[in-house]
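Colleague: So the mapping is simple: this note's numbering equals the position in the sequence shown, first residue as 1, plus 3.
Please note: incorrect hints may appear among the correct ones.
Derived pair list, reagent style DSS-like, types lysine-lysine, alpha-carbon separation capped at 30 Å [said to hold, decoys possible]:
1. K46 - K121
2. K134 - K89
3. K89 - K151
4. K145 - K21
Pairwise CB distance ranges (calculated) [as the list claims (entries may be wrong)]:
5. P173 - C43: 15 to 23 Å
6. R71 - L110: 31 to 39 Å
7. E120 - G12: 17 to 25 Å
8. K21 - L205: 28 to 36 Å
9. G80 - T206: 12 to 20 Å
10. P98 - H11: 14 to 22 Å
11. R168 - R71: 38 to 46 Å
12. N79 - G36: 52 to 60 Å
13. N113 - N79: 36 to 44 Å
14. S69 - Y150: 41 to 49 Å
I should point out that these hints are in silico values taken from the structure, not numbers from a laboratory.
Backbone N, C-alpha and C define an ideal beta-carbon position, used for all residues, glycine too.
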Amino acid sequence: VRRITREHGTMLIFDEVKTGITAGWGGATGVLGVQPDLVCLAKSIGGGLPIGAFGGTAECMDQIDSGRVLHLGTYNGNPLVMAAAKAVLSEVCTPAVTEATVARNALLVNACATIIEKAALPAHTIQFGAKGCVTWAVEPIKNYRDYKATDFDIAFAQWIHGINRGIMLPPGLDEQWLISVVHTEEEALRYASIFGEFVDELTA
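Produce the complete structure using the sequences and hints provided.
Modeller: Okay, here's the thing in structure tokens:
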């Protein structure tokens, strides 16, 4: 995509609202090794405060510096939010901490994948950085059409099973989790253990 956009003189913009530093310290941009013209960031860098940020190449950002493009907003540069973002990036989610968090998520994803393989279930795991999920679909999901083929009844049953055992996930059907910097390896693997119990009940 980067090559094609360059060939046609089109901007490549990464929307990293759902990824950001949860993908890795350099975001999906760093993980994938692609340099977009602009990147948009949000909650992952805000430390719990509402934030939106963007950055880009010198050529793009110079459009604002030169006054050719106006960038206006009531809360632009809010001091509290800027301080929170600085603390997140420099003190909390350092490269080493972020790498360790992603590694803990890999343990969880691999544990769930092993359970699925042993039970020969029509499901698979997905990991991107510190995020992961169990998806109840035979083939890996590559687009929205694949996603709609998910067995949402089993996904909902798993969600109910987990929430009754202290696993609080968003009330969606894609079973997505996020390992944070404060989750321990033991806590991550507790999820896998509860998932294993669900699989045992499902296959009994």
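Colleague: Could you tell me which of the numbered hints above are not met by this structure, giving the numbers in increasing order?
Modeller: 1, 3, 6, 7, 9, 10, 11, 12
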